[in-house]
Amino acid sequence: MPDEFDYKIEAKADMTASDTSAPPIDYVPAAERPEQELYHSKSWWTTYVFSQDAKYIGIQYTCVATAIALVGLALSLLMRLQLAFPDLSLLDASAYYQFITMHGMIMVVFFLTALFLGGFGNLLIPLMCGARDMVFPYVNMLSFWVFVLAVLVLVASFFVPGGPTGAGWTLYPPQAITAGTPGNLWGIVLMLVSLVLFVVGFTMGGLNYVITTLQARTRGMTLMRLPLSVWGIFVATILALLAFPALLVGGIMLLLDAVLGTSFFMPVSVSMGELLQTEGGSPILFQHLFWFFGHPEVYIVALPAFGIVSDLISVHARKNIFGYRMMVWALVIIGALSFIVWAHHMYVAGMNPWFGYFFATTTLIIAVPTAIKVYNWVLTLWRGNIHLTVPMLFTLGFIITFLNGGLTGLFLGNVVIDVPLSDTYFVVAHFHMVMGIAPVLVVFGAVYHWFPLVTGRMLDQGLGKLHFWITFVGAYMIYTPMYYQGFLGVPRRYFEMYESSYMSTVGLNVFITLSALVVGLAQIIFFYNVIRSVLKGEKAEKNPWKANSLEWQTPKMPPEHGNWGEKLPVVYRWPYDFSVPGADKEHIPQNVSPSEVAGAKVEKT
Amino acid sequence: MFVAFILFLVVVGTLIFHFWSPYWLTPVASNWGSMDQTLILTFWVTGAVFMAVGLFMVYCVWRYRYQKDRKAEYKPEDKKLEFRLTLLTAIGVVALLAPGLIVWKDFVTVPKNAVEVEVVGYQWGWNYRLPGEDGILGKTDIKNISDKNPYGLDLNDPNSKDDIMVQDADLHLQIDKPVKLLLRSIDVLHNFYVPEFRAKMDMVPGMITFYWLTPTKIGEYEILCAELCGTGHYVMLGTVLVDEEKDYSNWLVQQITFENVLAQNRTIQLAENKK
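Residue numbers (the working numbering), protein chains in the order written: chain A, 1 to 605; chain B, 1001 to 1275.
Think of the hints as simulated: they come from the structure by calculation, not from any bench.
Careful, some of the hints might be misleading.
Simulated pairs of lysine-lysine, BS3-like, Cα-Cα distance not exceeding 27 Å [said to hold, decoys possible]:
| hint | chain 1 | residue 1 | chain 2 | residue 2 |
| --- | --- | --- | --- | --- |
| 1 | B | K1177 | A | K601 |
| 2 | B | K1246 | A | K542 |
| 3 | A | K601 | B | K1071 |
| 4 | B | K1246 | B | K1177 |
| 5 | A | K585 | A | K539 |
| 6 | B | K1071 | A | K604 |
| 7 | B | K1075 | A | K546 |
Facing chain A, according to a computed beta carbon distance under 7 Å, are these residues of chain B, among others [stated by the list, open to error]:
| hint | residue |
| --- | --- |
| 8 | Y1066 |
| 9 | D1069 |
| 10 | E1073 |
| 11 | L1087 |
| 12 | A1090 |
| 13 | I1142 |
| 14 | V1188 |
| 15 | A1226 |
In this text, a Cβ means the ideal position worked out from N, Cα and C, and glycines have one as well.
Build out the structure end to end from the sequences listed, making use of the hints.
Structure (structure tokens):
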């Protein structure tokens, strides 16, 4: 084993540091296990369809998630048109409720979760850890195809009798499965089956992301040298692996209630004037299960965004991320706390009112590590040398949007302020800002940043800037007025916009819809840019942003199967050595050994 | 320059929108003005943080924009600064949470002299029941619900007989008299919400949830259902009227008791039998 051989030499070198050619500052820990043999595909099918290469699976995940997101986007635009211009009679009440349900579920689960973990997880984890692939490539492939199946089942619900479920994305029983709600027979069943499939598919992928991060890092890549992108995805995946089972349990029980007439969540109740044959179930139990999944879900989407944005900001400001260790611990603490705050979604659900004290306290505690992250992003800009590239613009847009959405969370988390505001447009504005627009801005920033890595070509920066400004400013103008509708008490999920007798919001409502249409249509710019750049975009030089993390240090760009050619990279430092005093170059990649940059005054990482 | 300027406009524009636009809380019509106070406190504290962090970011974008000969600072950590910021945030959070929890205690502690009023939600409308002369609401069970007994009252409970049945979307409340609203649903989740009263709570079939309030302003206010309850959710509206004592009594005497309802049913039954 050559690794062991190297190790012995080095151990000896340590003892007699004076008379050896390999200086001890280049110390590399021994490989802890032999390298695994890499899978090689043998046919067209296993190369391009059932691919087991994580990079390729990441792109597959990204494409499918984006495709379904376009459906979600179209639904939202139709809803906004109906709300602002009811005279057009685009939708009836049933269709409206079906659309809000599908929009919510698609965007949260099938778009953002799949994209951040399945898409960016697969693309970035092996490359950033210095691995050749995920630890279980076959399971990784299965994960994607089960996800595709879940998406197909979800889409199928548009075409069954009664259409998709209109129970709201929270699927609360009894309403989800009783008459009076659209899609209460077929739609809800397909929705639940689709979610169960999603959880199954995700679990296979999720195991890969966690185990690859823990087991397959290259030599020298300690946990505290991982890029924050990997940290974000890693912690989010652990959350997902622990939180999705609650959804699975709730989903299966609700499925039994719907199909076999059991009463897990169904109390004695009447439906359309007739007494149902159900007894003894608890509707609130479902809400606890749903939000035990649902709250960590917010962070499943947010933490990868936090991680990725940290890397973007550092690379494009040419400065190390400020307070790296604090950033890592904040991710871990937020992740842990996210499991004991779920019932802040249920302050007015009829649970024991004394719960309010506990959940308000835990919820507001989460604000502290979250605030630290925001401070550290902004402090990274301080005394940086900020390149206002498209990824940096999206990062700045993210900070403003997240700051806005995060701070309004302090209203809703503080139980007594939630009482007037819950179920109003204030909530709609808050969660769209914090877990809709903010993560989506990161997604765009990340696409502009890593597009050259994937395709070898640059996206057009001019079109990118146009896309950014319309999307960021437009989205901000959609949701900021909604807070004020919420203050007035305008309830969400009303097919006809409620007109407060105190003050009309018709004007605001039309304004919001027009902004939404502009933002929605502006996405055409993005897709045009992507398609055009794939075909004939400017060829990217290697490592175009001069980043330090390993994904840019592969022998070929885009990286080939196996990523690293003959030899795995060896890591000597964290990925944030930018503008180091005494160094010749502005950036020092992770695989540059200390002896190569002898003059650089780096801090030990 | 351009980037910093637009970002500046977005941050400052938020503040301008707040002052320029007329939209704000409706005038409060119950004792829960304390909720407004905690809300407004949070609004200004978070607003100040938003402005401070946002403007600091804009300043950095402007001040440290790319210049060829500039070199960024290399400073991985600053423990003192990080500690101070953490402490400051923690203090801020406590300052927001503490008043909130104090008001929450008021909200969950129902005063002893509160009159009980039952609200029954169904797809898609509201009914009400008052305890009658004995001051006690009779027992109910969803299983008892029928055409003749729409609330599902227990016929054997002597407290039921004098209960006042308001089978109408309008509810009258007397000004300055604390009420405990007992919330019940017979089918799916609903939520009894009057924006001017601020308070709201879900109604869950199989449970009786509650909250209390004291109406403080005479007037008519709209009741909204605030929990998605099916296709008719958006039309599940009602009215609550806060009356002077005299108007309230006038309304009250026009209402019928459960006994009256049963008697009416019997008369109808007899009439039908004769046919």
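To see whether the hints hold, each was checked on the structure:
1. Between B:K1177 and A:K601 the CA atoms are separated by roughly 74 Å; this puts the pair beyond 27 Å, and the hint is violated.
2. In summary, the hint linking B:K1246 to A:K542 is not supported, as the alpha carbons are separated by about 84 Å, beyond the 27 Å threshold.
3. Simply put, A:K601 and B:K1071 have alpha-carbon atoms about 14 Å apart, close enough for the 27 Å limit, and the pair holds.
4. As the CA atoms of B:K1246 and B:K1177 are separated by approximately 13 Å, the hinted pair is consistent with the 27 Å bound.
5. Between A:K585 and A:K539 the alpha-carbon distance is near 23 Å, which keeps this suggested pair within the 27 Å criterion.
6. Between B:K1071 and A:K604, the direct Cα distance comes to roughly 21 Å. Compliance with the 27 Å bound is thereby established for this hinted pair.
7. For the hint pairing B:K1075 with A:K546, the CA-to-CA distance comes to about 19 Å; that is within 27 Å, so the pair holds.
8. Proximity of B:Y1066 to chain A holds as hinted, the smallest CB-CB distance being about 5 Å (cut-off 7 Å).
9. Contact between B:D1069 and chain A, as hinted, is not supported at the beta carbon level, the nearest pair being about 10 Å apart and thus beyond 7 Å.
10. Annotation: B:E1073 was flagged as interfacial toward chain A, and the flag holds, the nearest CB pair being 4 Å apart, inside 7 Å.
11. The restraint placing B:L1087 at the interface with chain A is violated, with a minimum CB-CB distance near 10 Å, outside the 7 Å limit.
12. Using the Cβ-Cβ criterion of 7 Å, the hint placing B:A1090 at the interface with chain A is satisfied: the shortest such distance is roughly 5 Å.
13. Hint status for B:I1142 relative to chain A: holds, with the closest Cβ pair at about 5 Å, below 7 Å.
14. Of the supplied interface hints, the one on B:V1188 holds, with its beta-carbon coming within about 4 Å of a beta-carbon of chain A, less than 7 Å.
15. With a cut of 7 Å, the hint placing B:A1226 at the interface with chain A holds, because the nearest CB-to-CB distance is about 4 Å.
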